[in-house]
Structure formats: structure tokens, C-alpha cells
Amino acid sequence: MAVADLDLELDVFAGPFDLLVAVLLREEVDLLEVELAEVVVAYIEYLEGKGELELEVATEFLVLIAALLELKSRLLLPGADPELEEMGPEEAVEELLARLLEYRRFRAAAAALAERFEAARGYLYRSAPLPPSLRRVAVDAATAAYDPDRLGAALGDLLVVPPPVDTSHIRPTVSLERRLRALRDALAGRTSIDFDEQFGGEDRLTQAVTLFALLELYRKGEVTWKQSEPLGPIEIRRQESSAR
Amino acid sequence: MSDLSRTIEALLFLSPQPVAVADLVEATEATEGQVAEAIDLLREDLAEGRRGVVLREVAGGFSLASDPASEGAARRLLAKPRTPPLTQAQAETLAIVAYLQPVSRPEVARIRGVSSESAVQTLAERGLIEESGRSQFGAALFKTTELFERLFGLSGLDQLPDPSRFDPTPDDERELRERLLKAGEQRSEP
Amino acid sequence: MSDLSRTIEALLFLSPQPVAVADLVEATEATEGQVAEAIDLLREDLAEGRRGVVLREVAGGFSLASDPASEGAARRLLAKPRTPPLTQAQAETLAIVAYLQPVSRPEVARIRGVSSESAVQTLAERGLIEESGRSQFGAALFKTTELFERLFGLSGLDQLPDPSRFDPTPDDERELRERLLKAGEQRSEP
Numbered sequence: 001m002a003v004a005d006l007d008l009e010l011d012v013f014a015g016p017f018d019l020l021v022a023v024l025l026r027e028e029v030d031l032l033e034v035e036l037a038e039v040v041v042a043y044i045e046y047l048e049g050k051g052e053l054e055l056e057v058a059t060e061f062l063v064l065i066a067a068l069l070e071l072k073s074r075l076l077l078p079g080a081d082p083e084l085e086e087m088g089p090e091e092a093v094e095e096l097l098a099r100l101l102e103y104r105r106f107r108a109a110a111a112a113l114a115e116r117f118e119a120a121r122g123y124l125y126r127s128a129p130l131p132p133s134l135r136r137v138a139v140d141a142a143t144a145a146y147d148p149d150r151l152g153a154a155l156g157d158l159l160v161v162p163p164p165v166d167t168s169h170i171r172p173t174v175s176l177e178r179r180l181r182a183l184r185d186a187l188a189g190r191t192s193i194d195f196d197e198q199f200g201g202e203d204r205l206t207q208a209v210t211l212f213a214l215l216e217l218y219r220k221g222e223v224t225w226k227q228s229e230p231l232g233p234i235e236i237r238r239q240e241s242s243a244r
Numbered sequence: 245m246s247d248l249s250r251t252i253e254a255l256l257f258l259s260p261q262p263v264a265v266a267d268l269v270e271a272t273e274a275t276e277g278q279v280a281e282a283i284d285l286l287r288e289d290l291a292e293g294r295r296g297v298v299l300r301e302v303a304g305g306f307s308l309a310s311d312p313a314s315e316g317a318a319r320r321l322l323a324k325p326r327t328p329p330l331t332q333a334q335a336e337t338l339a340i341v342a343y344l345q346p347v348s349r350p351e352v353a354r355i356r357g358v359s360s361e362s363a364v365q366t367l368a369e370r371g372l373i374e375e376s377g378r379s380q381f382g383a384a385l386f387k388t389t390e391l392f393e394r395l396f397g398l399s400g401l402d403q404l405p406d407p408s409r410f411d412p413t414p415d416d417e418r419e420l421r422e423r424l425l426k427a428g429e430q431r432s433e434p
Numbered sequence: 435m436s437d438l439s440r441t442i443e444a445l446l447f448l449s450p451q452p453v454a455v456a457d458l459v460e461a462t463e464a465t466e467g468q469v470a471e472a473i474d475l476l477r478e479d480l481a482e483g484r485r486g487v488v489l490r491e492v493a494g495g496f497s498l499a500s501d502p503a504s505e506g507a508a509r510r511l512l513a514k515p516r517t518p519p520l521t522q523a524q525a526e527t528l529a530i531v532a533y534l535q536p537v538s539r540p541e542v543a544r545i546r547g548v549s550s551e552s553a554v555q556t557l558a559e560r561g562l563i564e565e566s567g568r569s570q571f572g573a574a575l576f577k578t579t580e581l582f583e584r585l586f587g588l589s590g591l592d593q594l595p596d597p598s599r600f601d602p603t604p605d606d607e608r609e610l611r612e613r614l615l616k617a618g619e620q621r622s623e624p
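Residue numbers (our numbering), protein chains in the order written: chain A, 1 to 244; chain B, 245 to 434; chain C, 435 to 624.
Worth flagging that the hints you see were computed from the coordinates, not collected in a lab.
One or more of the hints may lead you astray.
What the hints assert, rightly or not - Here are the computed lysine-lysine pairs in the DSS-like style, where the Cα-Cα straight-line distance is at most 30 Å: (1) B:K324 to C:K577; (2) C:K577 to C:K514; (3) A:K72 to C:K577; (4) B:K387 to B:K426; (5) B:K426 to C:K514; (6) B:K387 to B:K324; (7) B:K387 to C:K514.
To be verified - Restraint-style ranges between C-beta atoms, simulated for each label pair: (8) B:D416 to A:L231: 56 to 62 Å; (9) A:A145 to B:E375: 20 to 26 Å; (10) B:L285 to C:S569: 29 to 35 Å; (11) A:D140 to B:G304: 25 to 31 Å.
Ideal Cβ placement from N, Cα and C applies to all residues, glycine included.
Hey, can you work out the whole structure from these sequences and the hints?
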């Protein structure tokens, strides 16, 4: 398996690891929203399942994830100590290890808590107002303890219309398969297409995934493509030999 | 004590209102005869003077109540209202009930943009809000209590601070409600 | 059942929150020893499987709860859906808050490696955690609530399992380190 094929199922992203890196670098997905520990755990679980370590692949993964971690820790800790920037590979390993261990600890604690919650879920507590005679006593004994302005302020907060939530980062469910199909469909009955003409109307992420799909088709020998100058038009040509 | 008696005791314990036999039959999936028998057992076990809780038969059905013998102790324990600081969720919920009452739980949730079950329950338990009838759709409506006014040092609901102090445009209640709902819908949109 | 046990049963029945021994002593005007003895009697009487109601030691006090055996019937009667289980994100966030409280959102994010806003918000809405002041940098700090202890059946935070129980084993750690180092070495060899 190439590291690119490591399949991820994260809250904000589903797809191969390579694509995650690609969309992160293009800032299509907010790095802060990505659970890198989950990525690492997914990878390690994959390794455990496999029982052997492919060093090349592992190295590639480690370099990428370490870079992401470093990037992310800088984002999380703006202006953090400059030592972070000088981190060597060994320190990076120790840092990664410490983080993984801490995360594992709380993951295990979370499992224990969830179990406990499950066990206690059957016990229900009574929630009923006091009988009238006792309610009376409580009112009589009550003295002012809260500031009414707290209510006015709370209501004022609720009147504020929040800015529309930016959900542009929660769309990375563009499926590679569907983009592969879109490319093949576009080429059906034609020998060549222009990328921009065909896909220029799509959003950035869809275009990025389409480009990824294009690479895949190229690898399979279904298409060739040409871009004569940087940022110039991309011409995609069907390989005549490919049976389709 | 039979399993069914135990279940019925639990149901009466949990229910804030008296429970009709028909409802017990439905909830326990037993027959009416079995429920009647179980209630007889309970009646014996929870006769006055036996435990701290007694079985009461009232118009609407059966309910548990504390034994009157414990009233003095109950006064001493419960007379002091609990006034821990309000959390933000509680303050928002209480503000909505105070300014818009009577108001239903779904309406509170729509305004806040999040389910507000636990805040409503805590406020009701502390005696700051209470049920007051049902909306036309059957949802329980809430209003503030006399205890609420005492704890906020208000001589009446008209003493609540003018919301326009916290928001530039003065509103009458109806407009206020509409604006809150609109803001709430924005909040719950994503 | 002694008079004192009966009174205490009545107090626990009435009180919406768990009641601490000190408050029982004050309300019943008995000595601490007498209250402890009465609670022991009650604990026996209300042991699991005896009645519909059981005695629970939660959140720093005593409380009555319905026996889990009646849960199904109770949910049918009260038309209360089962509380949803915790999601993985919520459970992790809750574990971090429970063990490190008071703790800020950025700290939770640092440990989980992911922004945990929505988990924090949901836990606060469910009343399991609440704000408790601000850190020196102005970030809101969170702690667990009494409801958390009640819903998790903890008599106090000291009843949380020893966190060292969750430490990865030395073997795990060694294996992880070796694996990482191996990959690292490979990388530095051209």
C-alpha cells in the first residue's frame, strides 16, 4: 500500500491521506478541524493489522504527519516558543510519541467513562416540584441573590444575529470515484477536452479532486494531458489504445 | 415485593403527577388485574407509618408523597432556596421565559438555537420557573415563579430591565419574540 | 424501619438534588452517628432488587433513583426517549475535563489534536460540564457538574478511576517509540 491509499474516515474529511494533504495545503480544509491523532491512529492500526512495517511508506507518512503536526501546533499556539521551529527528527519523534501517549490515555479514559455512563443510564432520578406547602416556605425564606441585569444581558446576546456560518470547509466529500466518472463521461465520444472549459465552473475543491482523478486516469493509461505553460489551459486527450 | 409492584413503585416515584391505572397498565404491559393486585401489595408496604413515603390515591390515580411526619425536617432542609451562580445556558433560558412567558420548551430551543432540556429542568427544579398549561400544540408552557421574583429582587415582572438597554431598538413583546426567533433560526442553521 | 430512616427517606424523596450527610444532620436534628446508622438501615432496605427505588450515593450526597429494571416502563410512561450515548468526541472531551478540571477549550483541543468546540457545547447543553471562571489568558475554563456525577453514578470526583489505569503499557510505549524511531532512522539514511 502506498501512503496515498491510506483511507481515512474523519469528522471533516473522508478519503485517501494524500488528498487530505492536498486539500490542507490548498486550505480547502481547516487544519485545526482535522484530528491528526486520528490519522495517526488509523495508520498505526493499519500497520498493526498488517503485522509488518514498510519502511518507505512509514517514513513518507511520518514526514507528512510530522509536518502537519508542526504546522498545526503553530496554529494552535500562536507565538509559541521558537524551539518548535528548530525541531529535529528525533525530537519530532519524541514530541509525536508524547502526544500519542497522552491522547491514548484520554481515549482509554473516555472509553471507561462511556462504559460507566452506560451502566448508570438505567437509574432515573425524580424531577418534581416541591409540594405546595414547602414551596411556600422557600418563597418566604428567599432574599435577592441574582442581578436582574444578568437576564437583560442574556436576552440582548440572543438578539444578536450570528454571522452566517462558513461551511465551505465541510464539503470535502467530493468523491474521487464520481470525478473519475465525470472525466470519463466528458471524454466519451470526444478525443480531447479542455479542463477549464469542462470543469472551470466547479468549486475549487471539486476542481482539485478532478485534477487528482486526472492523475489517476493518466496512471492507468486512459488519458494523456498537456499544459504548455504554467497556469495555461490543460488539454486532456483520450488514449486511443485504451478500451472504453 | 413482586416485580410488578417494584416497577409500579418506580413509576410513581418518577412521575411528578398522579398516574392513572390505565397508564400503569400501558407502561408495564401487564393486565389491569395484575396491576390492581400489585397496587394492593404496594398499598400495604407503603401504608402510613411504614416508610418515609406513602401511597396516595387521588382523583387522577396513584402517587407517592412524603409522610407528613417528616414535614418539619423537610422545611428545615428545603426552606433555603439553592442559588448557585447561573450558567450561561440557564441565564439565557431564564431570560427567554421571563420576557416572553408563557413560553414552550421548543420555542426556547428555537431561540437559543440548541436544545435546552437540561437548563429548563434545572430551573424548574430550583423553583425559578414552572409549568403553566399547554400550548395549542400540547407542549408544556413555562412561566417564572414568585420565587424567581424574590431571588431577583423584583417587585413584579414589569420591573425586569428594559431589553432596549441591551439592544438599540426598543421592541414591544411581540416584535421582540419575532426577532429572537429569527436570530435563533440563524444560530441553528448550520 | 426507624423513625429517622423514614424521615431521611422522605427528605431524599422530596429533594431534587442529592443531599449531603451534613444537611441531613441539620434537617433531622439528629447526630451524625445516628444519621449514618439510619442511612445504613436505608441502604439495606433499598438495596438493588429489593424495591422499585434504590439508594444511590452520588455527587457528594445521597439520592433515590428508580431501579434500572423499570427503565423500559418508565420511558414508556414518561414518553422520555433514552438519553443518547456519548459520541467519541464527547466522551474524550468529557474525560479531559473530568480529569484536568478546570480546563480551557484550547487545552482540550491541544490534547485531542482537534478543535473541540461542538463537543464542549453539546456537553454544556446536556448539563454535564459548565463554565467556571477564566484562565489567566481569558479563555473560559470548564468543570464537570453535579449532574455529571449523578449521571455517571459517582459519589464524588475522587471516585473517578485512577488515571494511571489508562496509561498505555510500557510495552505499548516501547513498541510505539521503536516504530517511530525506526521510521525516523530510515529517513536520515539516504
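Could you work out which earlier hints the structure fails to respect and list their numbers in ascending sequence? 10
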